[in-house]
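**Q** Line order of the protein sequences matches chains A and B. Using our numbering, you'd call the opening residue of the first sequence number 102 and step up by one each time. Using our numbering, you'd call the opening residue of the second sequence number 17 and step up by one each time.
Just so you know, the hints here were simulated from the structure itself, not pulled from any lab data. Hints may contain errors.
[Claimed, not checked] Cβ-to-Cβ under 7 Å is the rule here; a few derived chain B residues that face chain A:
hint : residue
1    : LEU106
2    : LEU187
3    : ALA198
4    : LEU243
[To be verified] A short, non-exhaustive set of chain B residues, derived as facing chain A with CB atoms under 10 Å:
hint : residue
5    : HIS28
6    : GLY37
7    : PRO39
8    : LEU171
9    : LEU276
10   : GLY277
11   : SER281
For glycine and all other residues, C-beta sits at the position ideal for the given N, C-alpha and C.
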Amino acid sequence: MTGVDDPVIDPVIKKQQQWSQFAERTRRLLKEGRNALRGLSRAELVGLIDDYQRIIADLARARSMGAPRQTVDLLNRLAVMGHNLLYGYARPVHARGDGWLIHFARTVRKYGSAMGLSCLMLFGPMVISYLAVQWYPSLGFDLVPEGFYAFDPASSENLHDIPSLTRPMVSSSIITNNIQVTLMAFGLGLTAGIGTTAVLVFNGIHIGTVAGWMAVQGKSKALWGWILPHGSTELLAIAIAGGAGYLLAGAMVMPGLQRRSVALRAIGKDAMTIELGVMGMLVIAGLIEGFVSPSALPFEARLGVLGASILLWAAFFGGMGRKAGGETSLPRE
Amino acid sequence: MSERATITTADHVTLELELAGVPQRLMAWLFDTLMLVLLFLLLVFLFLGLGGGITFGLDLEAGVEELMSSVGVAILVAFYFVLTWGYGVLFEGLSRGQTPGKRLMGLRVVRQDGLPIGFREAAMRNLVRAADMLPPPTYALGALVLNFDPQHRRLGDMMAGTLVVRERFELEFGSQLGAAWAVRLEQGQSRQALSLPGGALTAQQLELIEQYLSRRTELTEQRREALARRLGEPLLTLMGREANRRNSTDFYEALMAEVLGMAESASSAKSVSGKRVDGLF
Chain A
102 MTGVDDPVID PVIKKQQQWS QFAERTRRLL KEGRNALRGL SRAELVGLID
152 DYQRIIADLA RARSMGAPRQ TVDLLNRLAV MGHNLLYGYA RPVHARGDGW
202 LIHFARTVRK YGSAMGLSCL MLFGPMVISY LAVQWYPSLG FDLVPEGFYA
252 FDPASSENLH DIPSLTRPMV SSSIITNNIQ VTLMAFGLGL TAGIGTTAVL
302 VFNGIHIGTV AGWMAVQGKS KALWGWILPH GSTELLAIAI AGGAGYLLAG
352 AMVMPGLQRR SVALRAIGKD AMTIELGVMG MLVIAGLIEG FVSPSALPFE
402 ARLGVLGASI LLWAAFFGGM GRKAGGETSL PRE
Chain B
17 MSERATITTA DHVTLELELA GVPQRLMAWL FDTLMLVLLF LLLVFLFLGL
67 GGGITFGLDL EAGVEELMSS VGVAILVAFY FVLTWGYGVL FEGLSRGQTP
117 GKRLMGLRVV RQDGLPIGFR EAAMRNLVRA ADMLPPPTYA LGALVLNFDP
167 QHRRLGDMMA GTLVVRERFE LEFGSQLGAA WAVRLEQGQS RQALSLPGGA
217 LTAQQLELIE QYLSRRTELT EQRREALARR LGEPLLTLMG REANRRNSTD
267 FYEALMAEVL GMAESASSAK SVSGKRVDGL F
């Protein structure tokens, strides 16, 4: 209290004021939200940055010269507040300007073994349970969920059973349900792939037994004409999402010469790209399911939709964005 | 003291980020969940209210009702899904890493290099919740991983390369000690060791004395007396003076001020002589 008139103490008071003013302004702007900086004039913004840099400099000096802990802590908090306020989002740099679709197809193609494993885990149990129900139809009573015993989407009164007016609802709930399944298959990859495998195998068994049950009851036509036109796209989407899950699992189980979190982060970008693409696929499938499958289209046209979608996806994942020389070929001499 | 992560800013200064632990994150999550439920209820009531009102100019009475309910339910289903999965992605992507709950709790998601996150990171950390949530909806796995990770990340954070940090607005400006330090450092003067008749005082010891003097009024009477004695008695020996058990707190504090004054004048003398040396070369 004695030093207020003392000229030596003056810069100290000034410094103290600088800090508390910076804290006050930063706190207010941070509370205002993301557009707070846009409301500032040029001079204000430049002033704020100058103040931030002074704080940063004070912090650096205080750290290296061993200032008291409280001082370093105070300056650190001020600097973190300033940092959070002033720094912007660093946009990821895209190496190539290719469109998103090409990027998606390429990324899926890049991880053939993960995709293969996922297909095996989904389609393997599916085929086995389909055949099992064919050979031992009594199994159907154990495996087929009760609601599906009389599942007969294509019977005369059932073919157009979804009134056209409720189709938006059916479409919407099917899309969301499927996306949920793929998010499970994808996210549970982080359980070293156990969760992904469970999702794939259970879905495979479920679909296989219901399909087998329908075949046993002589409703193959319904299977091919009603379920598979959209089901093919959905199954493929789930298998690809499972592949993305296995990518995450691979990073956890076999991170190589890096930390697991680092490996996870490295593969995470590609896995995320795949999952986002899968969601897009499911929206397409859901629209087919909500609007094409319950329509009055003849059986042959439905088979046409089925064939067309299979061809489309084969072409998309097989050839989209593939370069003339081949992506994985060795450098040519 | 909370756990910290160290980042280096673009100005090459080290910043310590205080990491959020399970309790703060749990509170933020609870608040966000409450928000979600309220948002969804609001939407349901909105649709129930609108269902009767809007007819889109169609006259098919029964059909319109069915259409409304169907489209309405379709939108509700889609909205429910987008809300539950997209809440975190949207809020964290849009408002620099803060959902309303995190904002309330003073938390923020940042990238591991300390920069703000964008939609990519927000999507990555939020869309793999299925694993962190195991067994749903307990978040037990996420909490377990978080506890073992030195940077307090759940699995989603590891994948996205993000940290959840605390943003502290409570700052202690009480004493001028810090500012005094900063000014001194700014002027290029740092504490030097001080040699006294009975031995030397290191820069840290001088620092300790200065800290004591600047904060002495904040201490309780007993604490102040005990500290003054502990710091002051060795000083007496160093100064070559007689120790006396009856010395008062005031006496020791005056002694400390005297020593600090000596250190002040010694270091300014040194910097003057330093200048002279510079001039010679």
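**Q** Hints the structure violates: just list their numbers, smallest first.
**A** 1, 4, 6, 7, 9, 10 and 11
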